[in-house]
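J.: In case you want the letters, here they are:
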Amino acid sequence: MMPNQFKATWTPLARPYLLRAVGISKSFSGVRALRDISFDLRPGEVHALIGENGAGKSTFTKIVTGAISADSGTLEIAGQPVRNNNPNLARSLGVSVIYQQPALFPHLSVAENIALALEDERASWLIDWKRRFTQAKELTDRLGALIDPQRTAGSLSMAEQQIVEIAKAIGSKARMLFLDEPTALLSDREVDNLFRVVCQLREQGVGMVYISHRLEEIQRLADRVTVLRDGSTIDCRETKSIERDEMISLMVGRSVASIFPKRSVPIRDTVLRVSNLGNRSMGLHNISFSVRAGEIFGFSGLVGSGRTELAKTLFGLTPGNATIFIGGQAVHITSPQQAIDLGIGYLPEDRRQHGLIMEMDLASNITMASLDNVSRRGIIDRSEEQCVAERYISALQVKTSSSSTPAMNLSGGNQQKVALARWMATKPRLMILDEPTQGVDVGSKAEIHSLISQMAEDGVAIILISSELPEILGMCDRVAVFCEKTIVQILDRKDAVQEKIMALAFGHSAGTSKAGTI
Amino acid sequence: MTMQAREFGVLAANVALLAILAFCAHGYFTRGNLFDLFLSAMPVMIVAIGMTLIILAGHIDISVGSVFALSSVVMGMCAASGVPTILSAFAACGVGAFCGAFNGVLVAKLRMPSIVVTLATMVALRDGLRWKTQGAWVEGLPARFQWFGMSSASYNILCFLIVVFLVALSAFGLRYLRLGRAVFATGSNESAARMAGIDTSKIVLGVFALTGLFTGLAAALNAARFKQIPSNSGIGLELKVIAAVAVGGAAITGGSASITGTVLGVVLLNGIGSALTYLGISAYWEKAIQGGIILIAVAIDAIKTPRRQGENAVAA
Numbered sequence: 001m002m003p004n005q006f007k008a009t010w011t012p013l014a015r016p017y018l019l020r021a022v023g024i025s026k027s028f029s030g031v032r033a034l035r036d037i038s039f040d041l042r043p044g045e046v047h048a049l050i051g052e053n054g055a056g057k058s059t060f061t062k063i064v065t066g067a068i069s070a071d072s073g074t075l076e077i078a079g080q081p082v083r084n085n086n087p088n089l090a091r092s093l094g095v096s097v098i099y100q101q102p103a104l105f106p107h108l109s110v111a112e113n114i115a116l117a118l119e120d121e122r123a124s125w126l127i128d129w130k131r132r133f134t135q136a137k138e139l140t141d142r143l144g145a146l147i148d149p150q151r152t153a154g155s156l157s158m159a160e161q162q163i164v165e166i167a168k169a170i171g172s173k174a175r176m177l178f179l180d181e182p183t184a185l186l187s188d189r190e191v192d193n194l195f196r197v198v199c200q201l202r203e204q205g206v207g208m209v210y211i212s213h214r215l216e217e218i219q220r221l222a223d224r225v226t227v228l229r230d231g232s233t234i235d236c237r238e239t240k241s242i243e244r245d246e247m248i249s250l251m252v253g254r255s256v257a258s259i260f261p262k263r264s265v266p267i268r269d270t271v272l273r274v275s276n277l278g279n280r281s282m283g284l285h286n287i288s289f290s291v292r293a294g295e296i297f298g299f300s301g302l303v304g305s306g307r308t309e310l311a312k313t314l315f316g317l318t319p320g321n322a323t324i325f326i327g328g329q330a331v332h333i334t335s336p337q338q339a340i341d342l343g344i345g346y347l348p349e350d351r352r353q354h355g356l357i358m359e360m361d362l363a364s365n366i367t368m369a370s371l372d373n374v375s376r377r378g379i380i381d382r383s384e385e386q387c388v389a390e391r392y393i394s395a396l397q398v399k400t401s402s403s404s405t406p407a408m409n410l411s412g413g414n415q416q417k418v419a420l421a422r423w424m425a426t427k428p429r430l431m432i433l434d435e436p437t438q439g440v441d442v443g444s445k446a447e448i449h450s451l452i453s454q455m456a457e458d459g460v461a462i463i464l465i466s467s468e469l470p471e472i473l474g475m476c477d478r479v480a481v482f483c484e485k486t487i488v489q490i491l492d493r494k495d496a497v498q499e500k501i502m503a504l505a506f507g508h509s510a511g512t513s514k515a516g517t518i
Numbered sequence: 001m002t003m004q005a006r007e008f009g010v011l012a013a014n015v016a017l018l019a020i021l022a023f024c025a026h027g028y029f030t031r032g033n034l035f036d037l038f039l040s041a042m043p044v045m046i047v048a049i050g051m052t053l054i055i056l057a058g059h060i061d062i063s064v065g066s067v068f069a070l071s072s073v074v075m076g077m078c079a080a081s082g083v084p085t086i087l088s089a090f091a092a093c094g095v096g097a098f099c100g101a102f103n104g105v106l107v108a109k110l111r112m113p114s115i116v117v118t119l120a121t122m123v124a125l126r127d128g129l130r131w132k133t134q135g136a137w138v139e140g141l142p143a144r145f146q147w148f149g150m151s152s153a154s155y156n157i158l159c160f161l162i163v164v165f166l167v168a169l170s171a172f173g174l175r176y177l178r179l180g181r182a183v184f185a186t187g188s189n190e191s192a193a194r195m196a197g198i199d200t201s202k203i204v205l206g207v208f209a210l211t212g213l214f215t216g217l218a219a220a221l222n223a224a225r226f227k228q229i230p231s232n233s234g235i236g237l238e239l240k241v242i243a244a245v246a247v248g249g250a251a252i253t254g255g256s257a258s259i260t261g262t263v264l265g266v267v268l269l270n271g272i273g274s275a276l277t278y279l280g281i282s283a284y285w286e287k288a289i290q291g292g293i294i295l296i297a298v299a300i301d302a303i304k305t306p307r308r309q310g311e312n313a314v315a316a
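Those protein sequences? They're chains S and A, same order as listed.
Quick note: the first sequence, position 91, residue 91 per our numbering, numbers continuous.
Quick note: the second sequence, position 181, residue 181 per our numbering, numbers continuous.
The set of hints was computed from the structure by calculation and includes no laboratory data.
Treat the hints loosely; a few may be bogus.
What the hints assert, rightly or not - Reference excerpt, derived from the structure (chain A facing chain S, CB under 7 Å, subset only):
id: 1; residue: G173
id: 2; residue: Y176
id: 3; residue: L177
id: 4; residue: R178
id: 5; residue: A185
id: 6; residue: S188
id: 7; residue: N189
id: 8; residue: S191
id: 9; residue: A192
id: 10; residue: M195
id: 11; residue: A196
id: 12; residue: G197
Here the structure is a predicted model, which means the values were calculated and not measured.
The beta carbon of each residue, even a glycine, is placed where N, CA and C say it ideally should be.
Let's have the full structure, built from the sequences with the hints guiding it.
T.: And the structure:
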């Protein structure tokens, strides 16, 4: 069947696959992201791709769309073996991706948005408005969606915008769509709308790879499910032959590595108590918990489940209507300065965007939140500052030539240590760590974990936000599981097992308690 | 690091200019001429110190020329109506600070873009002033108005000391004051600065108000050189000031600038004009050459920038 691949595409029965990937592997600077992945997609099929954060779903998607190239393995798109994939080639072979966040031009009409994606340079420089509108109408009709092509994209609902994105893809002759968490930002009714479009496309022979954390959607929509874990294909099944609980256990099914040396630390007084916290602008509601000195309290849940939103509320970035008690004293925190004065530290998730100031030297970055300690009447004592910075640089083993190096010259792991040093220098009572080891190399990761344990030992109350379950399970004394902007349950260390946390995070507690008791 | 390289470059250009003048232009290095040059550059210099802070904080103020004119006229009207000259000067500073703070409130609290806000105040103040004065100059100033009632030489020295003091104070402040550090942080990455507990909106409001105050002071010192006050002074001041700050190596996107660079930039751009006169080149070339210098300075930045971004990407 091999000799002439060109012929194969002309023979309808020879190659039923739209996409066939065999043995795909990919490493990023020595870290294996994908290991021997195999995946295929047929016309008129919805094939779900599920797995934890970091399991390899997006890496795999990027390989098929040509954004990055695989280290090894064979890729066949629309019957053609693809060697040096690139975004243009993948697009010309009919691959298209729809992301959870639509990227339309908000001030242009639907018709213009579609036309911009479809027309090429050869199009006449005179705009044929009538053609643009009929073309937009035809495409949205084909998707069974009622969207007026004259409306501006910004006035559409999130689902409608997504449908316009799909129309763009279909209009440019896409034959396989990657839907990456398409429903993450949609309301229930909008989800139904989108599903109708997906079914319509399926009947028209389009193949779809459906990536989602919402398992009930997968059961409703998908024909087959492939489970990824730690960059490997774990299983590929017909959806009707797999239960939700089984999907979860396949996704997590890995024992917690013993790389998290949990130190036993005497737990002391309550540092933070929150009762019935809500924050309308962030969507948070009914949140109650407390954290004690020496305790590491985990926030687990999916991205967008409310973990970071709560952290920001506690830190005064987006004040909520909360009764917060810090060390027994009722406070209402409305600004980061106030939070810092109360002894709260917050290591934000994205250290480039919100953490370090990359152009500034390490000393300034480290003392930024604790200038009180190195200044008198507003004047900074530079030598004192230098001293403090160097103390933290050596204590945290930051690899740098000096404390006057700009932060941007450091590696990710070392930058993160500097960010951590900034907050350790404030001597906080409560430390909120948002994904402290994200994008950090393995060595620095272990060092950061031991720093966190050290802080707990020193009597700091710690809130640890992490998408990585082993980190949560390995580090935390208790775990709060978030779902839909609230804490659904708080588990003690002994009860916190991966399956239970995942099930709670995926929002079906009934199934879990069953799974838990069995 | 790049800052120092830039400062060195502008310094070298200055030295080259001076060397040419030393050879070719007799009479350039006389005390009287140098003080004249200093006094004509003084408004740009004082306002440029404030502008450096605004640009450092990631914003811009193009209303300084109009604020300068308004402050001058207010000072003149106060003095003409019998207010002691020194108090009139304070009034000019007050008007400047008020205008700056007004811009600052709109930018920092209402989060309006600074270029649009200050464009609006620039036009509104300039035309408001024209309407109010009908283009007439302020005349009938008391005899003790010019040179603050001092001798011309004492006035020169007073101005010089004030400029030196402001330069030293701002350079010290950027390096050693918490507020200076906060201005850097705000301009580099406002979100990160806020997360580290810096009240970034207070900082932005502060630099606008301070620049307004400096503009008022510059207007007051400048007005006292003469016996009347034109109602249309300071036209194009904003361009000279921003050009000097840019030539001095400030990143127009914020987060990187130095007072030394700005001072050298002011000296270079102002030196060119007077040098042309002394070298017998038509003054029509002045603007073209200044424009060329600005382009060269910005081109050097543009050539360097992609590489810097590359380094960032590697660090990521």
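J.: Now, for every hint given, state plainly whether the structure supports it.
T.: Hint check:
For G173/A, the suggested interface contact is broken, since its CB lies about 9 Å from the closest CB of chain S, more than 7 Å. Taken as an interface hint, Y176/A checks out: its beta carbon lies about 5 Å from the nearest beta carbon of chain S, inside 7 Å. Because the beta carbon of L177/A sits about 6 Å from the nearest beta carbon in chain S, less than 7 Å, this interface hint is met. Because the beta carbon of R178/A sits about 5 Å from the nearest beta carbon in chain S, less than 7 Å, this interface hint is met.
Here the hint on A185/A is kept, as its CB sits about 5 Å from the closest CB of chain S, short of 7 Å. Proximity of S188/A to chain S holds as hinted, the smallest CB-CB distance being about 5 Å (cut-off 7 Å). Taking 7 Å as the C-beta cut-off, the interface hint given for N189/A holds, the closest approach to chain S being about 5 Å. Given hint, S191/A at the interface with chain S, holds; its Cβ is 5 Å from that chain's nearest Cβ, closer than 7 Å.
At a threshold of 7 Å, the smallest CB-CB gap from A192/A to chain S is about 5 Å, leaving the interface hint in force. A hinted interface residue such as M195/A counts as satisfied when its beta carbon comes closer than 7 Å to some beta carbon of chain S; here the least separation is about 5 Å, so the hint holds. Interface restraint check: A196/A against chain S, minimum CB-CB distance 4 Å, threshold 7 Å, status holds. Proximity of G197/A to chain S holds as hinted, the smallest CB-CB distance being about 4 Å (cut-off 7 Å).
The structure does not agree with numbered hint 1 stated previously, though it agrees with all others.
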